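Colleague: Now for the letters of each chain:
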Amino acid sequence: MLTAEMNEELTRVGPGTPMGELLRRYWYPVAFTRELEDFPVTRTRLLGENFALFKTPNGRYGILPEACPHRKASLAYGVVEPDGLRCSYHGWMFDHSGTCLDQPAERDETNFRDRVRADAGAAQEMGGLVWAYIGPAPVPELPRFDVYVMDGVRDVGWAELPCSWLQIMENAVDPHHVEWLHGRYFEFIGRHQGFTAPASFGKKHEKVGFTAFEWGIIKRRVVEGASEEDDDWKIGHPLVFPYNMRVGGGGIEQMQIRVPIDDTTTRFMLYTTHAPDGGVFGDQPTVPDYEIPWRDDNGHHITNYVEGQDIMTWVSQGAIPDRTTEHLGRSDIGVTMLRRMFKEQMKIVADGGDPLGTVREPRERIDLPCEKNKFHAGAGFALDFMSMGSTCFSPQLEELKRLHIDAAARVQPQAAAS
Amino acid sequence: MNTARRPAYAADAEHHRRDAPRYCPRCGCDLVGTGIAVEFWEGTNRVFHTWCAACRWTGDITPMTQMVGHEPEH
Ligand code: FES
Ligand SMILES: [Fe+2]
Ligand SMILES: [Zn+2]
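First to last, the protein sequences are chains S and Z. In this text, residue positions in the first sequence follow the numbering used here: the first is 1, and each later residue adds one. In this text, residue positions in the second sequence follow the numbering used here: the first is 1001, and each later residue adds one.
Chain S on its own, in the form it takes in the complex (with noise of 0.2 Å):
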């Protein structure tokens, strides 16, 4: 439980309040690089705020605030020129710093020029997406996790969801409704709906822990049938502050992104890439991206795979849900752990310092440490992740379960032709 207050403090995003404060440290996706391919420039939000994002003809990415400093028309719908965008309604122009190049109505000898200037962000590609940090200088590096970096067959599904981020976060700090959200509940509507639910993410949770360390919060769990020598609790995975869960096992390595486009919008992604001992990779000029479906015809949400069960709880929370009259207990304290860990960096912020996870040299890979064998399960789980999780609408589906499947004959021969 916590007061209106503190609820209000820790999910207000914008520009201003000590969460968006704490929050524009960080680098965000904001675009698939396909889609400035298409069209080079396109509007993007980020914590409540709107962005024009281009990229010019030399490969170069800029982000500037969408309304131009002039007399506030969409740089969204600017012309992308070789040093930069130019506003469309009367012809200023802005380079990726924000200087204003040209105002060609003005006389030249004014310096009114000068005098302008676009509050501009930083915008780099990696891993098939545009990055972009909208935080006050010195920018600091975009880390390079290994998802992003490594090799593999990279897959991307993302939704939009209806609600603020935290909500989201917090589920990344809460072991237990493994075993009943994709456990009891996927067994209940499969048993409604005609399929089984996989068994192993119904395994009971004997002990959860939480560690703090450089990147965020590492969750551990010992499910029935395991022990403290198991991955699950040896290694466990990331919470990424102050955005991103890490998660795998199985040859599947994926970042859950929830980005915070405002106080009750959320971009979800799952940025996954398939890189099982003995894969073959071939080339990926684009990183394919697909939309996961939440909601049915009906405004009913889709619960009969992993993510969409998780979106019916986040989103059924409310945008932002009352936390004045909730009820935590002890199964809790992830939640309770993480809602600290926010307080105190935002301190961290508000006395000048670098929060946790700030890059400051830049580094080719940053491993995250995340269990390979997943729930005490084997292989079988990268099967089950597949069909059973949002890769299930993935369009390369079925080669993606062939590049698992020829991987495993290619490492445990004998054991794949039994």
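I should point out that these hints are in silico values taken from the structure, not numbers from a laboratory. Each hint should be verified, as a subset may be incorrect.
Label pairs and their in silico Cβ distance ranges [to be verified]:
no. : chain 1 : residue 1 : chain 2 : residue 2 : range
1   : Z       : P1007     : S       : T286      : 43 to 53 Å
2   : S       : G299      : Z       : R1056     : 38 to 48 Å
3   : S       : T211      : Z       : M1067     : 41 to 51 Å
4   : Z       : R1026     : S       : N58       : 52 to 62 Å
5   : Z       : G1033     : S       : G194      : 32 to 42 Å
6   : S       : F393      : Z       : G1043     : 19 to 29 Å
Not the full set, but computed from the structure, chain Z residues with beta-carbon under 10 Å of chain S [to be verified]:
no. : residue
7   : A1013
8   : A1020
9   : Y1023
10  : P1025
11  : C1027
12  : A1037
13  : V1038
14  : E1039
15  : E1042
16  : T1044
17  : R1046
18  : A1053
19  : R1056
20  : T1062
21  : P1063
22  : M1064
On a predicted model such as this, the values are computed, not experimentally measured, just so you know. A virtual CB, placed ideally from N, CA and C, is assigned to each residue, including glycine.
Once you've looked at the hints, dock chain Z with the ligands against the given chain S.
Modeller: Structure of chain Z with the ligands alone, referenced to chain S:
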């Protein structure tokens, strides 16, 4: 019998507002706005997980109405 429905858990929210610690038990700083107190329930206890932004004290505060001991096997 009064069957009128009342706003769900309004009393719990009110108790939280009344009982959540306002000052840091260590340095006495104001927790409201700067620190955090998250309430969770365990058995009959209401536990306030508390963090002070001024001195970084972190701990659980459990109000009680009765001291309960235990009797070892003998
Ligand atoms: S049991 Fe947790 S939300 Fe209902
Ligand atoms: Fe889940
Ligand atoms: Zn204190």
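Colleague: With reference to the structure, classify each hint as holding or not holding.
Modeller: Do the hints match the structure? See the list:
For P1007 (chain Z) and T286 (chain S), the Cβ-Cβ distance of about 51 Å falls inside the hinted range of 43 to 53 Å, so the restraint holds. Checked against the hint of 38 to 48 Å, the C-beta distance between G299 (chain S) and R1056 (chain Z) comes to roughly 47 Å, which is consistent with it. At roughly 33 Å, the beta carbons of T211 (chain S) and M1067 (chain Z) sit outside the given window of 41 to 51 Å. Checked against the hint of 52 to 62 Å, the C-beta distance between R1026 (chain Z) and N58 (chain S) comes to roughly 56 Å, which is consistent with it.
Between G1033 (chain Z) and G194 (chain S) the beta carbons are some 54 Å apart, a value that contradicts the proposed interval 32 to 42 Å. For the hinted restraint 19 to 29 Å between F393 (chain S) and G1043 (chain Z), the CB-CB distance of approximately 44 Å leaves it violated. Because the beta carbon of A1013 (chain Z) sits about 4 Å from the nearest beta carbon in chain S, less than 10 Å, this interface hint is met. A least Cβ separation of about 7 Å between A1020 (chain Z) and chain S falls short of the 10 Å threshold, and the interface hint therefore holds.
Because the beta carbon of Y1023 (chain Z) sits about 15 Å from the nearest beta carbon in chain S, more than 10 Å, this interface hint is broken. For the restraint placing P1025 (chain Z) at the interface with chain S, the shortest Cβ-Cβ distance is roughly 16 Å, beyond the 10 Å limit, so the hint is violated. Of the supplied interface hints, the one on C1027 (chain Z) is violated, with its beta-carbon coming no nearer than about 14 Å to a beta-carbon of chain S, more than 10 Å. For the restraint placing A1037 (chain Z) at the interface with chain S, the shortest Cβ-Cβ distance is roughly 8 Å, inside the 10 Å limit, so the hint holds.
For V1038 (chain Z), the interface hint holds, the least distance from its beta-carbon to any beta-carbon of chain S being 5 Å, beneath 10 Å. Hint on E1039 (chain Z) holds. Least Cβ distance to chain S is approximately 4 Å, under the 10 Å limit. With 10 Å as the threshold, the beta carbon of E1042 (chain Z) comes within range of chain S, its nearest partner Cβ sitting at about 5 Å, so the hint holds. Interface hint at T1044 (chain Z): violated, since its Cβ lies 13 Å from the closest Cβ of chain S, which is beyond the 10 Å cut-off.
Interface restraint check: R1046 (chain Z) against chain S, minimum CB-CB distance 9 Å, threshold 10 Å, status holds. Among the interface hints, the one on A1053 (chain Z) holds; its C-beta lies about 5 Å from the nearest C-beta in chain S, closer than the 10 Å criterion. A distance limit of 10 Å between C-beta atoms decides the matter here; for R1056 (chain Z) the minimum to chain S is near 8 Å, and the interface restraint holds. The interface hint given for T1062 (chain Z) is violated, since its Cβ lies 12 Å from the closest Cβ of chain S, which is over the 10 Å cut-off.
Checking P1063 (chain Z) against chain S: minimum C-beta separation of about 14 Å lies over 10 Å; hint violated. Checking M1064 (chain Z) against chain S: minimum C-beta separation of about 17 Å lies over 10 Å; hint violated.
Checked against the numbered hints above, the structure violates hints 3, 5, 6, 9, 10, 11, 16, 20, 21 and 22; every other hint is satisfied.
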